[in-house]
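A.B. asks: Whenever a hint applies, use it, and build me the whole structure from the sequences.
Protein chains in written order, with the working numbering: chain A, 1 to 109; chain B, 1001 to 1489; chain C, 2001 to 2630.
No false leads were mixed into what you were given.
Per the computed footprint, the stretches of chain C lying under chain B, defined by three or more beta-carbons under 8 angstroms from a beta-carbon of chain B, are: (1) 2061 to 2073; (2) 2152 to 2166; (3) 2581 to 2588.
Below, in silico cross-link-like pairs of lysine-lysine (DSBU-like), each with a Cα-Cα straight-line distance of 30 angstroms or less: (4) C/K2163 x C/K2029; (5) B/K1352 x B/K1362; (6) B/K1441 x B/K1100; (7) C/K2074 x B/K1468; (8) C/K2578 x B/K1352; (9) B/K1289 x C/K2564; (10) B/K1441 x C/K2163; (11) B/K1488 x C/K2074; (12) C/K2029 x B/K1450; (13) C/K2578 x B/K1289; (14) B/K1101 x B/K1446; (15) B/K1441 x B/K1362; (16) B/K1475 x C/K2074; (17) C/K2163 x B/K1352; (18) B/K1289 x C/K2163; (19) B/K1352 x C/K2564; (20) C/K2163 x B/K1446; (21) C/K2307 x C/K2564; (22) B/K1196 x B/K1484; (23) C/K2029 x B/K1362; (24) C/K2564 x C/K2163; (25) B/K1021 x B/K1446; (26) C/K2029 x B/K1446; (27) B/K1289 x B/K1441; (28) C/K2307 x C/K2546; (29) B/K1441 x C/K2029; (30) B/K1049 x B/K1468; (31) B/K1475 x B/K1049; (32) B/K1049 x C/K2074; (33) C/K2074 x B/K1484; (34) C/K2564 x C/K2546; (35) B/K1450 x C/K2163; (36) C/K2533 x C/K2371; (37) B/K1446 x B/K1100; (38) B/K1362 x C/K2163; (39) B/K1352 x B/K1101.
In short, the hints are calculated from the structure, not lab data.
Using N, Cα and C, we set each Cβ at its ideal position, and we do this for glycine too.
One letter stands for each residue in the lines below.
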Amino acid sequence: MPINYYIFLAVALFCIGVAGVLTRRNAIIIFMCIELMLNAVNLLLVAFSKMHYHALSATAPHAGIDGQLFVFFIMVVAAAEVSVGLAVIVMMYRNTHSIDVNFLNRLKH
Amino acid sequence: MIPVLLIVIPLVTGLVGFLIKNEGNARGWSLLSSIVTLIVALWGLSLAKTSPLLAANVEWLPDLGSRFAVGLDGLSKILVLLTAVCFPLIFIATWRDQYKKAWNFYALMLLSQAGLIGVFVATDALLFYFFWELALIPVYFLCSQWGGERRIQATFKFFIYTFVGSLLMLVGIIWLYWQTADHSFSMESFYALRTKLSGADQTWVFWLLFVAFAIKMPIWPLHTWQPETYEQSPTATTMVLSAIMVKMGLFGVIRWLVPVVPVGSWAWGDTVSGACIIGMVYASLVAIKQDDLKRLIAYSSIAHVGLMCLAIFATTESGLQGVMIQLFNHGINILGMWIVVDLIERQFGTRKISELGGLAQKAPALAILLVVVALANVALPLTNAFVGEFLLFSGVFTSTATQYSVVFTVVAALTIILGAVYTLNMIQRVFYGNTNSLTEKGVDIKMNEKLVLGAIVVLIIVIGVYPKPVLAMTKETTDFLLSKMNYKL
Amino acid sequence: MSIQSIWLVPALPLIGFLINGLFRNSLSKSLTGIIGSGTILLSFVVSLLIFGQVRQPGFQGEVVTLFDFITVGKLSIPFAFQVDQLSTLFLLIITGVGFLIHLYSTSYMHEEAAPHFARYFAYLNLFVFSMLLLVLGANFIILFIGWEGVGLCSYLLIGYWFKNLDYGNAAKKAFIMNRIGDLGFLIAIFLMIRQFGSVEFGEVFAHASSAKVGVLTAITMLLFVGATGKSAQIPLYTWLPDAMAGPTPVSALIHAATMVTAGIYMIARSHVLYDLTPVTQSVVAVIGLLTALLAATIALKQNDIKKVLAYSTVSQLGYMFLGLGVGAYTGAVFHVMTHAFFKALLFLGAGSVIHAMGGEQDMRRMGGLRKWMPVTNLTFLVGCVAIAGIPPFSGFFSKDEILAAAYAKNPVYYGVGLFTALLTAFYMFRLYATTFSGGFRGTQDQEHHLHESPSAITIPLIVLAILATVAGFLGIPEAIAPDAHVLGKYLAPVIGGEAHGGVEVSKGTELGLMALAAVLALVVSVWAWVRFKSRPDLAEPTGFGKVLANKWYVDELYNAVIVKPLDLLAQLLVFIEKNIIDGIVNGVGRLVQYGSRQLRLLQSGQVGGYVLLMVVGILVLFLVELFVKK
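C.D. replies: So this is what it looks like as structure tokens:
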């Protein structure tokens, strides 16, 4: 399958993620949208990695392996981020009984 | 060796001064330090010009191509002498002024002195810039901590003005540094640039440096920080500012600007001269209308400094010699004026001319000393300023650097008349006439003040009658600098 | 005494100044007086000794160099003295008349407290020192030092009674008007430096003929501007009458006998330049003549005894400039000398009167004083006769010499000059008659106190009266006795022979003119005396008289045309300073503050907003990357 399809899919996922982050006010959905963006990137990385492997494995046996490594990194970081983020959301819900991010404008003061 | 000593003594004594924590001791300490500096300076002046003691050159920032290079030539000598003479006089004259946490005050004054001497002796551009800031930073604190009512605004204005200038200068210095053949900040490399840089480059880099110096002098229309800062600073700081610091600007132009980018200076000479002349007449006229003694003197200083700057751009021998001698004279004379103002303010709590009057009856000694200083301020013959101004004016008049030399001289010389107007007005309204309820209780000046003013008067007359030693001291440097300044593409 | 010791002449008054100035609080009045007058007397003696050498026939001027004053590049200005016939003549006048006036002052100023008395003598000595520098200087710079120095002393002495602010204003006016003239002088010096590379008399005069006439005219005109300031000529004369605020001996010494003649000295000294520039010469003559006439008309209607004398001084100075303008340098210097004698005499006489009247200066309250003050009366009369130009008193000879030269140049000059001379005779005898003749018009109290002055006052009067009588015989014109012009012969090495400027008048014409002037002066004098003896001019002047009494409203004119506009300009600049220049600076500060206030609104605290901005930023970067060509 040509690489273009992967790219279009990843871009579409990424834009959905961006739109979600910008438009939604529910913190959990925003989180999910962020995950969507991360996964869009992961998808791209994997696709490119595969492509490079096919193209270059004759001369370089490890071609494309770094892309896959990045994907694992991102998954680990995303998991950590989600755990911290969910903890923040839980704390926020306890304090404000809401998970609407528009309440969170304390940074201004 | 000697230049290093001259920097180190006030620097170290100043740092130690922060720890003294006792007003009387701090005062004595700073006076002692300044007297030692004076002695070392006089020692330096007495040495032959080939003496190895007069210069020092050690590694400083090798990666940048900057060295700790200092030296005393004629121009440095006269300004170091001025600094060294002024500081003890300032400390003695303001002996009775009271300051909160006086030890900090005196320590900062000494640090500023170290910076000033550093500026005057540095022969490395980066070092020059370093000391330039070292001299200024203590002044921000001095003014904002011990100043008058509106000290914060005044300091802020002063800070912004000088800082903008400093940054432009830094940019200019760095740019010039990249152009040098050996990537060095040394004076020789900078002077060698004048044949290397194109006319267009010299023309724009001229402004980077000149704005910094013009702010410091100050040249119209960049002068508005000055009256306000002088008015709000504690008088001792005002004395340093006006007697010595304005000379930094003139010094910068003579040492680091015109010889480095002579083509740029030629190109803009008429513009700068025009600004100087407008400033002179303008400041003299504004001075006539001032009621605050400090502001009056501030404006008169703008007029006098404008003349010196005008003469630098005339690039004639008598003009430049006049600048050299006038650098010293102006410092001494204006110091005398400030001392009188300080005395009046301390005694009567006001500097308003309209509230004073008849002081000559109550304080005859003060009146006589002031009249002599004021006459020097209007450049009466046989006072030091006459020698200076005569050379300055004749330098401008005989200049070939500009085709407008006659017009420049005539318009600038109008300030001779205007200077007499505001000075005599001031003398008359403060000292003559009858006393009022405020000045009735006035008393004459004390011994220490008489001593300081007496010393200034003696300097005024001696240099006015026999200026030859001072002229001889600066002659060689003048010729050297002129040979650099008179370069044409 | 060797010529080299010339430095003693100015040094002695300087020592007097230093002693009196520094120890004014501890010296007794008599000691102050002795030091003050004694140093001048010694100086006079030294001058006499030097004069003894200079008057030897064949003496050529000598330059005595003391030390290098300023040396810059090729320009070298030594502190040097010029000893020749002209400067020694002035030395004698200055120290001689100066000594008499110092002596007079010891009595006149006796009521002052000791420190002020010492201050007075210190100033006076400083003045003599400066004046001596002025006439001794061997280059224009030393001349200028003295020139400004005398201006300073004049300032200090006019404002001697500093409690009175009016006096202070008069002093200030004198100083500033002098400075205007000095500016001209200074620029002339710069021109000389540029043209000749030197300011020494010898150098400048030697090369004068090689310079362009245009440059020379500029130099001479500017020098003359300096002279109009110092010697009170149109347009800078108005300070001199106001200068009468000073003590009367000061008016006699500075504002009559010596300082105001500095301009004449300077032009006579640089006559080489003036001879080469006929345009300037005409200007000098016309200005001199106009000043003489204007001041004489003003003097007609003044009632303050010192003011009359002041305007008469301005008028006589105008005469001297007329003389200089028509090339009669000897005549001008001659008139300086005789004028020094008779005008000092008149001022000192007026001082004696004022002293007796207890400070009263208004002639309308005097009258008949000759009864009480015989010596003053007689000497004053001598002075009046001398200034009126009645032979054989000194004024006649010197004035005649100038008028004869003026006639030779242009008869119109002569006509106006003669008319002015008659006005002089008229107002002087009006003054004399109103003051000394008729009956006393003051208060009883004043009448009670009237007395002849003490001998310290009368002796100078008598000496000056003798000099005013006989000094004229030093310059007997050729027409009367050939070869009898002693002064002319004496000055010839410096000023050159009788320079009547081309056309010589015949002996017969000259005698006729002389006789005409003498007879008319006599007639006018007697007429004025008779007229004012019985009917003094007491009423307030009306019509044209009022214009004259108000000095042609020149002061008011200057005020309206120069002082007021300058003041307004200064006020305008203060406004500009505060609102425009400083406004721009503060405006920059305010702009920054305003800008940051606006930018702060972006920082809303809404995370969504930040993210949106971020996304927009990324998009913009993308677009830039994609579409901007490298």
